Amino acid sequence: MIRVENLYKSFDGKTVLSDVSADFYSGKVNQIIGQSGSGKTVLMKSIIGLFQVDSGSILYDGRNLTDMKMRDIKLLRREVGMLFQGSALFDSLTVLQNVMFPLEMFSTMTKKEMEERAKFCLSRVNIQPVTYNLMPSEISGGMQKRVAIARAITLNPRYLFCDEPNSGLDPVTSLVIDKLIEEITEEYDITTIVNTHDMNSIMETGAHIILIEKGVKAWDGSKDDIFTSDNVSLNNFVFASDLFKLVKDSVNCKR
Amino acid sequence: MIVKAFNQIGRYSLLMRRTFTRPDNWRQFFKQLPKEMVKLGTNSIGIVVIISIFTGVIMTVQTIQNTENPLLPRYSTGLVLRDTFLLEFASTIMCLLLAGKVGSFIASEIGSMRVSEQIDAMEIMGVNSANYLILPKIVALVFFMPILVTFSIACGLIGGAGVSYFTDLITVSDFLYGIQYAYIPFYLWYSIIKSLFFGFIIASVSSFYGYYAYGGALDVGQASTHAVVNSCVLLLLSNILLTDIMLL
Numbered sequence: 001m002i003r004v005e006n007l008y009k010s011f012d013g014k015t016v017l018s019d020v021s022a023d024f025y026s027g028k029v030n031q032i033i034g035q036s037g038s039g040k041t042v043l044m045k046s047i048i049g050l051f052q053v054d055s056g057s058i059l060y061d062g063r064n065l066t067d068m069k070m071r072d073i074k075l076l077r078r079e080v081g082m083l084f085q086g087s088a089l090f091d092s093l094t095v096l097q098n099v100m101f102p103l104e105m106f107s108t109m110t111k112k113e114m115e116e117r118a119k120f121c122l123s124r125v126n127i128q129p130v131t132y133n134l135m136p137s138e139i140s141g142g143m144q145k146r147v148a149i150a151r152a153i154t155l156n157p158r159y160l161f162c163d164e165p166n167s168g169l170d171p172v173t174s175l176v177i178d179k180l181i182e183e184i185t186e187e188y189d190i191t192t193i194v195n196t197h198d199m200n201s202i203m204e205t206g207a208h209i210i211l212i213e214k215g216v217k218a219w220d221g222s223k224d225d226i227f228t229s230d231n232v233s234l235n236n237f238v239f240a241s242d243l244f245k246l247v248k249d250s251v252n253c254k255r
Numbered sequence: 001m002i003v004k005a006f007n008q009i010g011r012y013s014l015l016m017r018r019t020f021t022r023p024d025n026w027r028q029f030f031k032q033l034p035k036e037m038v039k040l041g042t043n044s045i046g047i048v049v050i051i052s053i054f055t056g057v058i059m060t061v062q063t064i065q066n067t068e069n070p071l072l073p074r075y076s077t078g079l080v081l082r083d084t085f086l087l088e089f090a091s092t093i094m095c096l097l098l099a100g101k102v103g104s105f106i107a108s109e110i111g112s113m114r115v116s117e118q119i120d121a122m123e124i125m126g127v128n129s130a131n132y133l134i135l136p137k138i139v140a141l142v143f144f145m146p147i148l149v150t151f152s153i154a155c156g157l158i159g160g161a162g163v164s165y166f167t168d169l170i171t172v173s174d175f176l177y178g179i180q181y182a183y184i185p186f187y188l189w190y191s192i193i194k195s196l197f198f199g200f201i202i203a204s205v206s207s208f209y210g211y212y213a214y215g216g217a218l219d220v221g222q223a224s225t226h227a228v229v230n231s232c233v234l235l236l237l238s239n240i241l242l243t244d245i246m247l248l
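Protein sequence lines correspond, in order, to chains A and B. If you're matching positions, the first sequence starts at 1 in the numbering used here and goes up one per residue. If you're matching positions, the second sequence starts at 1 in the numbering used here and goes up one per residue.
Only chain A is shown next, with the shape it has when bound in the complex (with noise of 0.2 Å):
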């Protein structure tokens, strides 16, 4: 579990987080939703710590991440791993060869070791051996997810990040990915914070949602509570669209 307590960030003087408290559960896909420029990405950042945060604490399983040396902090990192926006895969480094990375960094595993355990985590996540010896650039966009899934999760993390996981994907391969990570969070008892603005992923895999608007926390609870909270900026955020409109409507009138 990572717990965030009053949580202050700014920039040049511009403060982007104020006061931001959250719990994020472990074996539960936790999301952290909010409009374009809200502050979910810096409160994220923040509570991996690659932003240094103003005040507040970070606490993984009762760790102060604030309070950490840096050795403590690298130390850390080998439980976290994360799925970047643009999958940051390296671009000099074949499939396997990237999902070996984070092995061959740190892991006393021999190389045939190395290579069974990333060809795991590629079948994990649905890649097939064909595409192994190929670079990040030759492979499509859904499957750069996928295998950035793959390297987050060589190293058995316990806390897994994802940085709009969805974004330039189809709708179709979005729900794939969805899916993919409410799995493996479940499998392997992860504490997963999904940082989106996706609706459908919200619906589909938000078993915890915090709603970050301007700053501040300003709404938190499941996808069920969503039909049923009056809060107004959650209500303009989720239902901004005619369709949702609709939706909430059905719902509310089955009810």
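If you are wondering where the hints come from, they were derived from the structure by calculation, not from laboratory data. Remember, predicted model here, so these are calculated numbers, not experimental data. Any given hint might turn out to be false.
[Said to hold, decoys possible] SDA-like cross-link-like pairs, simulated, lysine to any residue; straight-line CA separation at most 20 Å: (1) A:LYS74 / B:ASN128; (2) A:LYS119 / A:LEU103; (3) B:LYS31 / A:LEU93.
Place chain B on chain A using the hints.
Below, chain B alone, put in the same frame as chain A:
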């Protein structure tokens, strides 16, 4: 502007402190090193050879045509060519040219890794990205620069010798006598020592600008330009300093 300069120096120093630490994995470091030597060193041999030969040819022709004074010995052409290549051309001018080729390559490679979040991905994994990406480049270039400089000197002299062999402007014996006349072996060492410093400047400054690039493709291009310009300026400033220390 002064504050900005100090800020940049501070950031550069911090980056170098992160770069010169023990690699997370020595095996990976020694795997990266030969790759960098090929990318930065071996791939630069061609341009060094071409530029040095042609410069050697042109300098020889120009020196002959502009020193028609009968009081000057005929072998002076070889002497001028040798000392120019040994003292300045092979080390300083060639390194300035390499700052353009290698420096922009390093800055754009690291810069595009930065903007595509590949460096962030490394950091998340717990990898010291500065050490992993920059240290092999610095070591490779510092190792390879003296080799490129030696190549340059040899090719420049070969170019000059070619002029003496294929034209009637100067005899081969006069040219060969000139390049051996009053030879000071320390000049070669001076050139090699300078190239070590220049290799470090090019690799570290270019890496610095690439590492702190942000934004998109345009910003990577800008980082690359800054890397080349600032490497060249620092190279020229350090050239004065090194010349003062070693020759004066």
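Here is what the structure says about each hint:
For the suggested pair LYS74 (chain A) and ASN128 (chain B), the alpha carbons sit about 9 Å apart, so the restraint of at most 20 Å is met. Restraint check for LYS119 (chain A) and LEU103 (chain A): satisfied, since their Cα atoms lie roughly 12 Å apart, inside the 20 Å limit. Between the alpha carbons of LYS31 (chain B) and LEU93 (chain A) the distance comes to roughly 13 Å, so the proposed pair stays at or under 20 Å and holds.
Of the numbered hints given earlier, the model fails none.
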